[in-house]
Every structure is written in structure tokens, then in C-alpha cells.
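Top to bottom, those sequences are chains A, B and C.
Sequential numbering from 1 applies to the first sequence in the working numbering.
Sequential numbering from 1 applies to the second sequence in the working numbering.
Sequential numbering from 1 applies to the third sequence in the working numbering.
Calculated from the structure, these hints are not laboratory results.
Be a bit skeptical, because a hint or two may be false.
Said to hold, decoys possible - Label pairs and their calculated CB-CB ranges:
#1 SER167/B with ALA183/A: 21 to 31 Å
#2 VAL19/B with ARG104/A: 14 to 24 Å
#3 TYR191/A with VAL19/B: 20 to 30 Å
#4 ALA25/B with ARG175/A: 24 to 34 Å
#5 VAL51/A with GLY250/C: 29 to 39 Å
#6 LEU235/A with GLU100/C: 28 to 38 Å
#7 ARG104/A with ARG10/B: 14 to 24 Å
#8 ALA275/B with TYR135/A: 34 to 44 Å
#9 ALA275/B with PHE13/A: 26 to 36 Å
#10 TYR172/B with PRO152/C: 53 to 63 Å
We put the CB at the ideal spot given by N, CA and C, even for glycine.
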Amino acid sequence: MNIRILGGCLRVFSWGAVLVLTGSVLMLLGYLLVKGVPSLGRDLIFGQVDVLDAVLLKKRVFDGLFPAIAGTLSVVVLSVGLAIPVGVCAGIYMSEFATVFQQRVFGLMFDILAGIPSIVIGLFGFSGAIFIHKYISKDFRPCLAVSVVALAFLVLPYITRTTQAALQGLGDQTRQAALALGATRVQNIFYVLLPRSVSGILSGIILAIGRCAEDTAVIMLTGVVATAGIPGSLLGSYEALPFYIYYISSQYTDAAELMSGYGAAIILLGVCAVLFFLAFLIKRHVAGPAGPARGRFHG
Amino acid sequence: MTRVTQQTARIVFFLSAAVSAMAAALVFGFLLVFGFPLIGGGEFFSLLARPWSPGQGLYGFLPMITGTAAISFLSIVFALPLSLGTVCFMGGLGPARISRLVDGFVRFMTGIPTVIYGFLGIFLLVPVVRTLFTSAGSGMCILSASLMLSLLVSPTMIIFFKDGFDSVDVRYIQAADALGADSVQRLIYVILPEAWPGIVTGIIMGLGRAMGDTLIALMIAGNAVHVPGSILDSARTLTSHIALVSASDYDSLAFKSIFACGLTLYVLNAFAVIAVRRLGRKRGPVR
Amino acid sequence: MALKRSILIVVLMAACPFFLISAQAGAMDPFSGLSGEIRISGGTAHIPVMKEAAKQIMRANPEISISIAGGGSGVGIKQVGEGIVDIGNSGRAATDAEVEKYGLKLFKWAIDGVGVAVNPDNPVTALTKAQLKDIYSGKITDWKNLGGKDAPITVYTRDESSGTRSVFWKKALGKGDIVSSANFVVSNGAMKTAIANDPNAIGYVSVGHMDASVAGVALDGVSPTIDTVKSGEYTVARGLYSNTKGDPSGLTQLFIAYLLSPEGQRIVVQKGFVPVN
Numbered sequence: 001m002n003i004r005i006l007g008g009c010l011r012v013f014s015w016g017a018v019l020v021l022t023g024s025v026l027m028l029l030g031y032l033l034v035k036g037v038p039s040l041g042r043d044l045i046f047g048q049v050d051v052l053d054a055v056l057l058k059k060r061v062f063d064g065l066f067p068a069i070a071g072t073l074s075v076v077v078l079s080v081g082l083a084i085p086v087g088v089c090a091g092i093y094m095s096e097f098a099t100v101f102q103q104r105v106f107g108l109m110f111d112i113l114a115g116i117p118s119i120v121i122g123l124f125g126f127s128g129a130i131f132i133h134k135y136i137s138k139d140f141r142p143c144l145a146v147s148v149v150a151l152a153f154l155v156l157p158y159i160t161r162t163t164q165a166a167l168q169g170l171g172d173q174t175r176q177a178a179l180a181l182g183a184t185r186v187q188n189i190f191y192v193l194l195p196r197s198v199s200g201i202l203s204g205i206i207l208a209i210g211r212c213a214e215d216t217a218v219i220m221l222t223g224v225v226a227t228a229g230i231p232g233s234l235l236g237s238y239e240a241l242p243f244y245i246y247y248i249s250s251q252y253t254d255a256a257e258l259m260s261g262y263g264a265a266i267i268l269l270g271v272c273a274v275l276f277f278l279a280f281l282i283k284r285h286v287a288g289p290a291g292p293a294r295g296r297f298h299g
Numbered sequence: 001m002t003r004v005t006q007q008t009a010r011i012v013f014f015l016s017a018a019v020s021a022m023a024a025a026l027v028f029g030f031l032l033v034f035g036f037p038l039i040g041g042g043e044f045f046s047l048l049a050r051p052w053s054p055g056q057g058l059y060g061f062l063p064m065i066t067g068t069a070a071i072s073f074l075s076i077v078f079a080l081p082l083s084l085g086t087v088c089f090m091g092g093l094g095p096a097r098i099s100r101l102v103d104g105f106v107r108f109m110t111g112i113p114t115v116i117y118g119f120l121g122i123f124l125l126v127p128v129v130r131t132l133f134t135s136a137g138s139g140m141c142i143l144s145a146s147l148m149l150s151l152l153v154s155p156t157m158i159i160f161f162k163d164g165f166d167s168v169d170v171r172y173i174q175a176a177d178a179l180g181a182d183s184v185q186r187l188i189y190v191i192l193p194e195a196w197p198g199i200v201t202g203i204i205m206g207l208g209r210a211m212g213d214t215l216i217a218l219m220i221a222g223n224a225v226h227v228p229g230s231i232l233d234s235a236r237t238l239t240s241h242i243a244l245v246s247a248s249d250y251d252s253l254a255f256k257s258i259f260a261c262g263l264t265l266y267v268l269n270a271f272a273v274i275a276v277r278r279l280g281r282k283r284g285p286v287r
Numbered sequence: 001m002a003l004k005r006s007i008l009i010v011v012l013m014a015a016c017p018f019f020l021i022s023a024q025a026g027a028m029d030p031f032s033g034l035s036g037e038i039r040i041s042g043g044t045a046h047i048p049v050m051k052e053a054a055k056q057i058m059r060a061n062p063e064i065s066i067s068i069a070g071g072g073s074g075v076g077i078k079q080v081g082e083g084i085v086d087i088g089n090s091g092r093a094a095t096d097a098e099v100e101k102y103g104l105k106l107f108k109w110a111i112d113g114v115g116v117a118v119n120p121d122n123p124v125t126a127l128t129k130a131q132l133k134d135i136y137s138g139k140i141t142d143w144k145n146l147g148g149k150d151a152p153i154t155v156y157t158r159d160e161s162s163g164t165r166s167v168f169w170k171k172a173l174g175k176g177d178i179v180s181s182a183n184f185v186v187s188n189g190a191m192k193t194a195i196a197n198d199p200n201a202i203g204y205v206s207v208g209h210m211d212a213s214v215a216g217v218a219l220d221g222v223s224p225t226i227d228t229v230k231s232g233e234y235t236v237a238r239g240l241y242s243n244t245k246g247d248p249s250g251l252t253q254l255f256i257a258y259l260l261s262p263e264g265q266r267i268v269v270q271k272g273f274v275p276v277n
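Kindly produce the complete structure, drawing on both the sequences and the hints.
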């Protein structure tokens, strides 16, 4: 086949794909912004309550998104915080220590875990909570802690696999130089291999953060409710932005409530964008000017 | 001392890996134990083929299986060309500066919450579908859900495709460049054949994401419990079925059935994963 | 001068909540000095009243937190029975079997109807029960046959956990079939929204939730309104219940007492239901 024709088709096709994809997403987000920006403001988040009073938890916010924002932030921080150490260590083991057999078996398990739909993880968390409630403590109910553990399960494989991939992607020269100089394997991992694969690991963490912040299916089975206030304890119910958006989308009672749904959607998008760019900045900072000479957005 | 640290570190690493791997088994175990009353009677497979009609004591989930299959397959049909095109664009066909922007945008897209797609689906896409196709009824149908879903799964697919592209040994690319290959030739002769495992992984990850997503289907597919006859029919996926029924009576068979749904999703996912790993190993990196 | 005036305004605004609280001090007295959590789930028709009551209580006493979830009547009964929540709401009376199994106590604090509703643009404003049955069983599939425009009917329904569905199914459909292609929504609020957005929709919704965004359909000549429900003329009606496991105690008992108090019943009226006291 004529490579030039093929090449031309491919070029047109790729431009088309990029335009359709980015175009439709930009259109959706544009619509969201146009409809929702007028609702943005202090009142959307804090209702009639003074900002400082709300943030310092002196007064409760009833007509604002503040409790939902607080709930989402706590759920993200806690679950990613739980998943990172385990996930990174598991990734290190997979890349540096696992035998071929272990790599195969564990790898299969991670792939399966990664593919489990979030609602099934939620169902798992929910049944776990019911189990504890029935057989261990009557006071235990679906709550923030259950959501955190379930979400950590959800994102573990992302972190593990990216860590493993980043480590394995290092060349043999990098891998063996320090060893040849007498470093132990663990020293080699912490001083040579991990620093060089930080950007890869961070890309996994970015995925994980995004998944936790946006996930609705897990939390709707494990403790999120429509009205709860600021999360006060790990064993209490909480609110969350994504659930609020879901809730409002189907149950808004008037135009003002619907507008707050648009507002919540913009804020959630903003939260995700901020988290995303934060992770991106950290990554660039760590990679530094001497980092891998790939593009700035490169994973 | 170093030896002790060495050993401790190794054990910690191993335990982390084992715990993470066990997580998958633990989820399976819970589903099995809770769903046992329904599955234990050897009824699991007959359930798959039965209709859902709790009034008559029927807890089959054929409608949900067909719903899931239709919606996720269609979303991949929409997303695959978009993703392949985009990744080729970033792989050298598009101008470098725009490629970088697109790359950043795609990564940003992974962060767009699925609930926002569902939300916008309700207020933007569903009315359009309803106006365009009168037979779509409310506009909440398979087509609406899979269109939205394709936007959700595209970035996942693109990132895995891209990883496949990036994992191609730089020396091959340099060799091709040295031989005077242009970007199209480099893409077709060097990168695509080498990146094949990444592409398969991407499709699987995309399919998994589509099958596993709850909110979009829950919000804009209509949730009717019947075997859909066309892409303009309302449908319920296994995931939205779990979300809808999970809150009901724990002792009822209807409730147990959602564990069977969960188990089905789990097993489908596991089969897909195993199949891809086999496929990936067989093809291997063609060098 | 301007500064002084704005200070005055700020002071007045800051003082506002105190006036409000003192105005309601009577109803809130029992809650003073208490702290803890009340968990509520279940019936979705109840949610507006629950939210308002919770807001009043939590505003008066910040040490109390009240969480409210939906799920439907079946969920409310089950969860309270299992001790997952403190109060399980239901839009139908718990069955004898449920009461016996969990030792439930039922508190009825409002009466509500379940009205058939269509989009306000739909010219069809009245149906017979027979026609309704045919629509829901899938025998009538086009609005044209009912004097409406030439468009297919989109049937909306709720899941089995819904008390609204169970009342509608018993009293309006005479336990008739519901077509399997019906779209499912998860709550009364969601039903209303779906009907408001779909010109060809038909569904059933708590009368208390009906407003200008949907049009109630007269059934055998009787419109579903708060007045016809009150007079007993509209027969597809039910009580709204809050259930507890055994006799309620502590905060839970106070919450239910509040619902039944004059202040609580005022909220019931304000949210569009028929009060019981």
C-alpha cells in the first residue's frame, strides 16, 4: 500500500479524533461553566454562615456545600494516604524481589483488583460493615472509615502497577551501577531506583487521587448521606461532593437547588483540577531540570 | 545491621504485595459468602438467563447482563477510534506543541468525575437524544449512556496506548530516524508493532472502566429492567442494579441477587484480565 | 458615618439567629445540653420534612448531628430493624411480619397521597383507573389514544423498596402489572424531576412533592391535591411513618416528639403534607 496515502489518511484521522474528543469535552465543560458560574460565590459554599466561623467549625453550614467539600477532602486524603505506602511497597516488591512465579500470580491479582468495578468494591465495603455490625460491634455502621478502606482498595493497584512499571522501566546500567559499587539492594532502591522513577510513581498517584475524589459508587454504598454536616469522626456518616451532584441531579426541588448542583459540579471539577495540577507541579519539581528529558506532561 | 534492615524492608515489601494481592481474593470471598444462599443451590447459572421479576420470585439478571454488554461495548466502539487517533496524533502526527497540550488535556480528562458526565448527560445530552430520536422515549437510553461513557474511557485508553508507545526502545526510533523515516513511517513501521501490548492493555482497561462505571448508566440509561431491543431502549447495567437494590432488605433474595451481580462482574473482569494476559504473552514484544 | 452604619448592620445581622432561636426556644428546650448523633434513612417522601426538622434542631443545638439518607421505605424499615440507623422512615405502614421480626414502633406524623403526574405540557389531565392500568401494563403505549399528542408514553416507576410504589401499586393499579420497559427512578424527588424534564412522561409521586413543574392527573375524576387527600376523596393515600426499633429513647425519642409537636407539624404543612395533629 502506498505509504503516503496511508499516512495522509492517518494524519486526517488523528486530527479528527483529537478535535472530536477535545471538542466534545470542552463543549461539556463550557456548558457547565456557562450554566454554573453565576451560582458560584461565598453563599454557595457557606450559605449564610460567616466563612471563618464555618472553617473553624464554630457554626454549622446548612445551605452550603462546605460539609460536602470537607467530606470529599477527608475521604481523598485518608484513602490515598492509606494506599500510597502499601501500593508503593508492593510495587517495589513486584519489580525488585518477586520471583517469576510471584510476579505472575500477584500480577494477576493486581490486574483483577484493578478491574473490579468500584460499585463492587463498594458492595464489599458495605457487606464488610454489615458483617462487623452483626458479629463484632453493634455500634459499627457504614461510615467514613469504611469508605476510606474501600477507596484505598480501589486505588491500590493503580499505585502498585505504576510503581512497578516505573522501576522496571529503568535501564540495566542505572540498576547495576550502585550495586557494583557495593550498595545493598535496599540502598539501591531508595537512593537510585526510586528517585529515578518518582515521576512514574506520581502519575499513578495522580490517577489514584482523581479516582478517590470523583468516585461516587463506592461511597454511596459505604456511608455517604445526603445531609450529615462536617465529618466529625471516622465512624460517622459524611457528605461528599460527587454524591451531592448525583443527589441533586435527580432530586432538585427548585431552580436554586439545581444551580447549587451546577456549582457543586464546578467545584468538584475545580478540586480535581487543583489536585491534578498540584501533583503535576510536585512531579515537575522532583523531576527537576535534570529529570528525564521528556515532555513536561509526560508520565 | 544492614542485613536486618535489608530483611525487614524485604518483608515489608512482600507483605504489602501479598496484602494487595489478597485484597482481590477478599472481595471475591465476601461476594461469595453473602451471595451463597442464591448461588449455593446450583442456581447461579440459571439465574443468568432468567428475567427479573421479584413479584414472581424471579431474580434472574439477564436484563442487566445484556444492558452492561450493550452499553460498554458501544462505548468502546465510540472511544476506540478517538483514542487511537489521539495517540497517533501525540505519537508524532501532530505538531509537537499541540501534542503536548493534548497530552495534558487527556491527563486532565482522567480527573473529570464520572458523576459530572452523568450530570451533564441529564441536562445536555439526554434532551438532545430525545429530540433527535422520538423512539428514544425519555432520551435516557443505551445510546446516551455509551456516548458519555466513551468520553470517560477514552483518556484511560489513550494513557495506556501512550505508555505502550513510550515503552518502545528509543534506540529503535533513533535507528528509524537515522534511516530517514518520517513521522508516519516511524509510527507505522516501528512504534505501532512494538506498542501492541500497550494497545491491548488499553482496550481492556477501557472496557473494564466502561463495564465498571456506575454513575453514567445509573443517571442516564433509564434503568428499565428488560432485555433491550435497540440502542434507543432504556436499560439497566449490573452496576446500576447493585446501586439501586443495595439499599433494600438484606435478608431478601432480591438483596442476595446483587451479590450474584457483583460476582458476575467480578468473574467477567477476571476472565478478561486472564485472557489479555495470555494474549499479551503469546504476542509478546515482537522484536 | 458609613462605617458606623455598616457596623450596626453587621451587629443586627449577627444577632438575627439569636432572635430566631429564642422564638423557638420552647420547642427546642428538650434538646438543650444534649449531644450525639441521630441517623435517619428510608422513605424519600419524608426527606424535605426531615431536613427542615434536622436543620432547626441542629441550629438550636450544634452538639447534635443528624444524618439523613434516602433509599426507600423498605430500606428504612430494614435498616432501623438491623440497628444501622436510629429512625427508619417509611411511606407505608410496616407489615405485621416486619413489626414482629424487629419489634418496630411506628409513628405516623403525616398523611400523604400518591398522585399520578405528567409533564405540564401534556394536554391529558384526567385518566380512569382502567386507563392507568393499561398504561402501566403496557397495553396503551401512545398518548394519542388518550386524547394527547401523537407521541409514545414514557412510563416511570420506582423500585420494590419504595413505599410510594407499593401504595400506588395496591391502590391505583389494583396490583396490576408494571411493564418491564418502564424507566426506574430512585426517589420522589427524582420522579418529579424526570417528569418535569420529559414531555411524554407519566409517573407517580408523593402529593406533598407536587408543584408547578409537574401536572397532577385526576384519577376517576378526583385530582390529587392536598385537599382531596385531606378530605379522603382521593383514595390513593398513605401515612408517612418514622419507625424505631423498640420504644425510642434519648435523642431519637425527642426527635419524634418534635415531629409530632406543633412546630414539627407546622413543618409538615409547610412541606405540603396533611398533619396528623
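Taking the hints in turn, this is what the structure says about them:
| no. | hint | result |
| --- | --- | --- |
| 1 | SER167/B with ALA183/A: 21 to 31 Å | holds, 27 Å |
| 2 | VAL19/B with ARG104/A: 14 to 24 Å | holds, 18 Å |
| 3 | TYR191/A with VAL19/B: 20 to 30 Å | holds, 26 Å |
| 4 | ALA25/B with ARG175/A: 24 to 34 Å | holds, 32 Å |
| 5 | VAL51/A with GLY250/C: 29 to 39 Å | holds, 34 Å |
| 6 | LEU235/A with GLU100/C: 28 to 38 Å | holds, 31 Å |
| 7 | ARG104/A with ARG10/B: 14 to 24 Å | holds, 19 Å |
| 8 | ALA275/B with TYR135/A: 34 to 44 Å | holds, 38 Å |
| 9 | ALA275/B with PHE13/A: 26 to 36 Å | holds, 28 Å |
| 10 | TYR172/B with PRO152/C: 53 to 63 Å | holds, 58 Å |
Every hint from the earlier list agrees with this structure, and none is contradicted.
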